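Chemist: Spelled out, the chains give:
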Amino acid sequence: MSFVSEFRTSITKAIILASIIFIVGCEQSVAPAHKKNSQLLIYCAEGSPITLNPQTSTSGTTIDAASATIYNQLIDYQPGTTELRPSLATEWTIDETGTKYRFKLRQGVEFHSNQYFSPNREFNADDVIFSINRQKQPSHPLHALYGANYPYFKGQGLGTLIRNIKKIDDYQVEIELTRPESPFLSILATPFLPIQSKEYSDFLMQKEQLELFDKNPIGTGPFQYVAYETDSYLRFKRFDQHFAYISPIKNLVYAITPDPAMRFARFSAGECDMMRYPLPVHIKLANQDDSIKSIQTSALNVAYWAFNTEKEPFNNVKVRQALSLAINRKAIIRSVYDNQAIQAEGPLGPSSWAYDNELTSTQYNPEKAKQLLLEAGYSSGFELDIWAMPVQRAYNPNARKMAEMIQQDLLEIGIQSNIVSYQWGTFLRRVRLGHHQTVLLGWNADNGDPNNFLTPLLSCLASQNRSNYARWCDRNFDQLILQARQETSPEKRKDYYIQAQKLFAEAKPWLPIAHTPNNMLIQNEIKGVTLSPLGTLSFEGVHFAQESTDIKKLPDSQKNKQEQL
Amino acid sequence: MLLSLFRILITALVSFLGLTILTFGISQQATTPLHDYQSTHWFPQYFEYLGYLLTANWGNSDLSGNDVFTELLKHFPASIELLSFSLILAIFVGLFFGIMAAKNRGGWLDKGLMSATLVGYSMPVFWWGLLLVLFFSLYLGISPVAGRIDYAYYIQPITRFMLIDTLISNHNYGSAAFFNALNHLVLPAVTLSWIPMAIMARMTRSSLVNILKFEYIRTARSKGLPENRIIWIHALRNAMQSLLTIGGLQISILMTGLIIAEYIFAWPGVGSWLLSSVSRQDYPSIQAGILALSSLVILFNLMLEIMANYLDPRKRRPLS
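Chains as they are written, first to last, in the numbering used here: chain V, 1 to 565; chain B, 1001 to 1320.
Be aware that a few hints might be false.
[Said to hold, decoys possible] Simulated restraints, written as ranges between beta carbons of each label pair:
| hint | chain 1 | residue 1 | chain 2 | residue 2 | range |
| --- | --- | --- | --- | --- | --- |
| 1 | B | M1307 | V | Q115 | 45 to 53 Å |
| 2 | V | S291 | B | L1017 | 54 to 62 Å |
| 3 | V | Q392 | B | R1237 | 53 to 61 Å |
| 4 | V | S421 | B | M1123 | 30 to 38 Å |
| 5 | B | Q1029 | V | H143 | 21 to 29 Å |
| 6 | V | Q363 | B | S1115 | 53 to 61 Å |
| 7 | V | Q115 | B | S1175 | 26 to 34 Å |
| 8 | V | R393 | B | L1022 | 32 to 40 Å |
| 9 | B | L1022 | V | Q392 | 28 to 36 Å |
| 10 | V | Q363 | B | L1022 | 52 to 60 Å |
Source of the hints: derived by calculation from the structure; they are not laboratory data.
Note that the structure is a prediction, hence the values are computed from the model and not measured.
C-beta atoms are modelled at their ideal positions from N, C-alpha and C, and glycine is treated no differently.
With the hints as constraints, model all of the structure from the sequences given.
Modeler: As structure tokens, this is what we get:
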């Protein structure tokens, strides 16, 4: 009997204790603690970066994590644009052959320090040579570190394009190219060519701890690395000696939340200040809510429907024109993109500096399409396959749905179609081999140069390399983009590109469908966020609204701790 | 006793070997070979693979190049923390509800609890998790949405059990950090434990109802023992038998739930690590994650069987 009552009281005690703990715990979170500290910014990220070195990965997650924070390049993009501006290089000159680039380097730039290493010298030419040669030379001590490969560097053929890089003096380097290539400066400004510290590498090599180099990265960027817990968070602190700007953000945390719905829930609950990759429904919700806002910028990407011009009947330009006229792209943008995209008229979007303003729009006109089919000798129609990519991308959130809409539109001009899909890897491999008749795909720019669209997607070389999925090869078009690549004057380049776009519009190897903007959700008290058309992240200029009444000071003991971070 | 213990151990070992055959198969998918094998045929290679596993050499990730075993150890504490909380919640609350229902058989409490558990039983983990977040975090605002602790607190990982780290690591946040971590644990643990808790409650109820019909219970009642003592001491002990078996089965349900709950709540455990490895097609990590989670299931079942063996006097009989 006494046992039972004892047991009962202990259970009751346990329940009471548990509820006390729960209630106390709850009270802690009523106002998320980070709100109390105005200098902590939390960014809700979509995944865990595989590495913190942008040289070794083209994944957007890595780029977002490392290039907005740890590293600087020689050249940089003006925030929110694709215009170049000086970064670690203050000026550059190109000789008359267009192959020798001389860079004057910024003086007095300091590298970060960490628990292993503190730098004894400032940034100089050795670091530039070290960083580029790491990617270029197989004999470089860090080249084969972690079995790294350098997908962007190799993909752009930079290993052969860069003949030589040499030091003129401590603050001047010269890069010699094997051929004139005007997009080279844009390539240098991509996050894939960060400048790393040679001194750090030498130091680690001496201590035989080279494997720490990319795991505890050191750079010159505005934030320095503090800690990374995979699948959980990335933590940075402000680098107070940054050469360009001192951010008002003292501590920066990337809260890794892969599920988009939970990411939005976290954001709405105020657990993070900025959120990347919202779904269309999140943007709608944000527009209805006063405490959060959605910002967007037009992006350099394109979704397209490519016709395999090597196959009958797509080798006939009239058929391609007819198919293009038959598709109601307005409806596609309404239902596939939820109106969060603009209709594309060419490979380049309006945010590119070489965009052709006079490009005439292809109007939806099934009657004219029928007429053209008649002229081409296909009055009774034909059957075709639409290959729809099986994955979701920013430029195409639902290729399957898009294919179904195209299917309906084609029925109206008497064309039967089948939708084909495979697992992503297989899909790409087969499309590269040209097994498709027509395919729905897209492209996201990695540097701001128009060449980044036209050469890989539409040149003859790319039709052999198989990233030109229309397998379209026009010698005049190729000639124009080659001339544009070798020309250094931007006005002349633009002329060439506009002519090339006109050729594209006449030949219609694809039907361009949409350009989608980059979106970000931010809390109202966060100001000064700029989005890049290239989709890269930047915290430059981001600050907290002064008028916000939400900011409370941390107790002194906690504040000191925050400052130590 | 010894003989049955031996039998249990052998069964566990066989399941473990079956598991390693599976993970060996997965490890063959890695782009760079996981280990340097001496032999060329797969059969002797398998035994070399076992040797590597036992010496904690589980290979390196295809993508990051990190040692998979270290990565696994990094993610394990978070999972264990969540799992043990959910398990405690599932067992105790489930038992309690089951007993309440059995005591009031046919009453409104019984009916209410049983329909509630039926709802819980049929609720998918991801849906339940989202609902809880919607209600407790977004509507009521009394619980954090995801993560292990508020990022205003920077806790150096020592044991990687957040609750322990907030207590032992050197910081100035006081007990606030501990309670913040505890608060972050509540929603994921409730989400995860819901299904096992419902099953536990239903099982407890049905076996108790059965047992309460037995003669010895009637004897106890006629002896004038208080009802609570009859249920808690006499009936429950017999019900434990079947409950332990059911409990063992719950572990695997808990594991599948774990992967989903970790993904939803951005909980940095083995489950979310496994899931992100799958999406990256990082076979060495997939292999390690599966091996770890499944070994845990085997281990739990082993422990439960030994416990069941101990509790059942018939099985405890010495060799004759």
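Chemist: All hints, please: hold or fail.
Modeler: Status of each hint after checking the structure:
In this structure the hint that M1307 (chain B) and Q115 (chain V) lie 45 to 53 Å apart at CB holds, the actual value being about 46 Å. Restraint check, S291 (chain V) to L1017 (chain B): a C-beta distance of roughly 57 Å satisfies the suggested window 54 to 62 Å. Taken as a hint, the range 53 to 61 Å holds for the pair Q392 (chain V) and R1237 (chain B), whose Cβ atoms sit roughly 55 Å apart. In this structure the supplied range 30 to 38 Å holds for S421 (chain V) paired with M1123 (chain B), their Cβ-Cβ distance being about 32 Å.
In this structure the hint that Q1029 (chain B) and H143 (chain V) lie 21 to 29 Å apart at CB holds, the actual value being about 27 Å. Between Q363 (chain V) and S1115 (chain B) the beta carbons are some 60 Å apart, a value that agrees with the proposed interval 53 to 61 Å. A hinted range of 26 to 34 Å for the beta carbons of Q115 (chain V) and S1175 (chain B) is consistent with their spacing of about 28 Å. At roughly 33 Å, the beta-carbon separation of R393 (chain V) and L1022 (chain B) lies within the given 32 to 40 Å, and the hint holds.
Distance hint check: the CB atoms of L1022 (chain B) and Q392 (chain V) are about 30 Å apart, consistent with the given range 28 to 36 Å. For the hinted restraint 52 to 60 Å between Q363 (chain V) and L1022 (chain B), the CB-CB distance of approximately 58 Å keeps it satisfied.
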